[in-house]
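Please work from the sequences and hints to get the whole structure.
Chains as they are written, first to last, in this note's numbering: chain A, 1 to 204; chain B, 1 to 814.
Incorrect hints may have been included.
To be verified - Where chain B lies over chain A, by a calculated footprint (3+ residues, C-beta under 8 Å):
id, stretch
1, 96 to 110
2, 135 to 145
3, 153 to 161
4, 178 to 189
As the list claims (entries may be wrong) - Quick list of the computed label-pair ranges, beta carbon to beta carbon:
id, chain 1, residue 1, chain 2, residue 2, range
5, B, Asn620, A, Pro187, 15 to 25 Å
6, B, Gly642, A, Pro138, 30 to 40 Å
7, B, Thr451, A, Thr145, 28 to 38 Å
8, B, Ser340, A, Gln81, 44 to 54 Å
9, B, Ala568, A, Ala51, 34 to 44 Å
Rather than coming from a laboratory, the hints here were simulated on the basis of the structure.
The structure displayed is predicted, hence computed values, not measured ones.
Built from N, CA and C at the ideal position, the CB exists for glycine as well.
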Amino acid sequence: MKDRSRPRLIVVMGLGFAVLLAIGVIAQAATQTLFARELTPLFGDAQDGTAIGNVTPGTPVQSAETSSGRTSITMDGWAQQGGDTVIYTAVGQRIVLATLTQAGLAHRQILDTARDAYGNTWNHVQVTGFADSGEFVPDVNVVWTAAHQLYSTRCSACHALHATTDFTANQWPGILQTMEKNAALDPQQSALITQYLQTHARAP
Amino acid sequence: MSQQGRISRRDLIVGTAAAGSALVVPPEIARAIEAAGGDPAAIEVVPTATHWGMIEATVRRGKFTGAKGSARDAHPTRMIDSFADRVYAKSRVQYPSVRKSFLEQGYKAGGEGRGREEFVRVSWEKAFDLVASELKRVKSGHGNASIFPGTADWQSVGSLHNASALVRRMLGLHGGFTDCTGDPSVAAAMVILPHVLGDLEVYSQQSAWPTIQQNTDLLVLWGCDPVKGDQIGTHPSDHYFYGAIEKFRDKVRAKRARVIAIDPRRSSTVEYLEAEWIAPRPNTDTALMLGIAHELIATGKHDKAFLDAYTVGFDQLSDYITGKSDGVAKTPEWASKITSLDAATIRTLAHDMQRNRTMLMSGYSIQRADHGEQPYWMLVALASILGQIGLPGGGYGISYHYDNGGDLTANAPGIAGISAGNNPVTAALPFERFTDMLLNPGKQVPYNGTTFTYPDIRLIYYAGGSPLTHLWQTNKVLEAWRRPETIIVNEPFWTSTAKFADVVLPTTTTFERNDIEVCGAYSHQYIVAMKRVIPPLYEAKSDFDILAGISKQLGFEQQFTEGKSEMAWIREFYEGAQKQAAPMKVAMPDFETFWKRGYVEFPTPADSKEFTVHADFRENPALHPLGTPSGKIELYSATIAGYHYDDCPPHPTWIEPAEWLGSPKAKQYPLHMVSPHPYYRLHSQLDNTWIRTWYEVQHREPIWINTEDAKKRGIANGDVVKVHNDRGSTLAGAMVTDRVRPGVVVLHEGAWYDPDNPQSGTPTCKHGLPNVVTLDKGTSQLAQGNIANTTLVEVSKHEGPIPTVTAFDPPRVT
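Here it is as structure tokens:
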């Protein structure tokens, strides 16, 4: 497993915790690393509401259970300035962790900035929100096993199945987008396979 | 002229068909109808679909007698007149057949007798048993990696009867196989473009034709022939292009747009659009583009704002173009020496492109050449320098000639076809190295920053294609083809590959089985029922049934078929599409209604007409980055720099091809041969039908040779000629024409191979297969793509008796 399955050192404190308290939800003190099973709507509060974004399959989140059926989650990632609504795993490594709506930008905190070798400026961000508890699993391999099964079933019909390492993480999404209609993938399936291929891609 | 004679004869035939009188009935079919006791009233019309589009097949008293385009196809191709003849062709494989010595001695017979021994008819039981025991033997003796199914070829359309997927499905259940990646059409492009643009691009939807109609002032056809190429499709062609190009021709005729073709030949599209024709030496496209770029930079006309905002590496490329980095300025004069075009022509081209909304439309041919990565990279660089990428009607397009790119995308679900499933053997190699792999097991080969090791292939199981036709440098292929212990082929026809196999299993044609398919590779406008037109002929079985039979012998029939019949699979595919369509709010009838009607059509949203490639990237490159390391167009690639390949430097570069008109070898072989896709075939498909009489010259594949070159060699139109170099020779029929520039000959690919003496190490092909003279070499260490269009030859008049063509005769089967 590559970087994404490794728990990230994230301290859920500050803003996220304050929000929890403010809306009166009892949060457990202990947090754990969980992984989104599929493309999962992200909400701004623990109650019903309009989604402020989506968390992609396999994305690791720091989660604290709530009593409302929603879990509070925190993600750590990077967004390119000018394209702030897309949160990636690392500078220049465009594996999407989450996408936000414009309203969702209020739920991210900028921790740091960096420039890549090509002159692009990146924000190190932490995103905090809520999602339905049932959408997360403790073992990321559950997600990737399902993804591999779907990938090998659908993508082998027209051509030899590519090794995940045939392309880089940045290259895979465009390729999937080109192919998704031929493989009859719905948006959920396409997101699952994209994240799987990106996470297991060749090093840039 | 015999050329005119052929064309007028063809027009006469087509005219007859269009007049709606009795379908054109070749003699073989006429005999079949007669044999059936022909009652003209007993006619049935059955809808189905092929690579050539949706069609209606006519059946008279149980015989398939002809086909016409579906009412939903406004521009059907004339090639469908061949279908009935193809089904009843003399070249059909009728029974399971085994090479004589292989039947007697098994694999110990060795490969030397392939292609010359007779075959013995066996029962299906015997055939299944033989194939299953060979698969077991090779697996236990040499491991699964020694089994090779070749590439996924064109075969037939259909979501179930997908021969290459079905072979892989069976071999996967058997424990796996060495697979191969890549696509011989676009091998160099598929590797270079992800580095430059972050995507394959060659299979991507193109900017919609209405955006070109409305915005393009200058259309540059760079080795691009969509009038020919869009007749066919990976999915049934919907022929959208032909309506679009008719409108565009009106615009050209009204002088509201210009078309310039850069091509060594006057292609069908050049003729159709009455385009201006510029004919550089083949394989010099990169140099021409560099000369154009130099002129734009030297006159300050390069789009600095675009280059700054959307690309990286322009400085390095610019230093190369101006000569700052290597001391050679790539001026129009420099490019003139390489391309043979006037420097003034190159300058004019540069300024015409820059002044106008210009679409650079390229075919795949320029990258099927030595260092074929470079022209595509430089095409993108030139489009970046012009700064019109992402603007309607501007930029570049590399898939307009293929699958009707630029078609309008419908709001439609897809069809998930039968899966090849899991392959436990993970090693795969680029298909282009097939021959080298058979000859050099264990050899290590660089490829796109990695190294792979050739496996030791003992068994080949090929279905749905003919590698002996499409692999390069045939005499080298023949040597390699003797190496494997066992070669099994599923084929409806006695292709050269079938004739050179050990076990040949007769498969049905698409007209002898039911299937389902999406029509319109980019539009997805229809899902079509592919209904069985006639029962299987002779002892032919579908690939599905054949591989299920082998799976039964190997103990995994249930896993292979999942207990489902042909119609159960088709229904499942359709219902899968229904499920996908529901959340899209797209209505689909139930399966029975669909099957009865024969198709379901999907709506085309209005915004499909406005689609422009990379418009979103242009709008906000930070939000819609490309899939490159920088997120931008990479005119210099740090990744490729890190590979340290001398044959693929980190920015577009002119590198002399292995052979070309400017090389010393041109003294001995002074003609550059290009081998584009044929007009009246799909690669080699349909060559075994009567429509070859539309184009053949003295029963051979025509070779286009310029009047001046023909005169020098005493060749007259209609002569049989010998095309040769130090790799081999083939006969062909001379078509003397000024549609090709001097110094270049055109021999379209796909003529069936017909060796005069299969025992010899270097037989002459009697029929005109260009690969006998092509060179088996990779484009570079990056892509290892084929270089079919890098071939020098000499052409001379054939002396002595003209041998009879036997390419379409079955071998002796006892």
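Hint by hint, here is what the structure shows:
| no. | hint | in the structure |
| --- | --- | --- |
| 1 | 96 to 110 | violated (count 0) |
| 2 | 135 to 145 | violated (count 0) |
| 3 | 153 to 161 | holds (count 8) |
| 4 | 178 to 189 | holds (count 9) |
| 5 | B:Asn620 x A:Pro187: 15 to 25 Å | holds, 21 Å |
| 6 | B:Gly642 x A:Pro138: 30 to 40 Å | holds, 38 Å |
| 7 | B:Thr451 x A:Thr145: 28 to 38 Å | holds, 30 Å |
| 8 | B:Ser340 x A:Gln81: 44 to 54 Å | holds, 49 Å |
| 9 | B:Ala568 x A:Ala51: 34 to 44 Å | holds, 39 Å |
Against the hints set out earlier in the document, violations occur for numbers 1 and 2.
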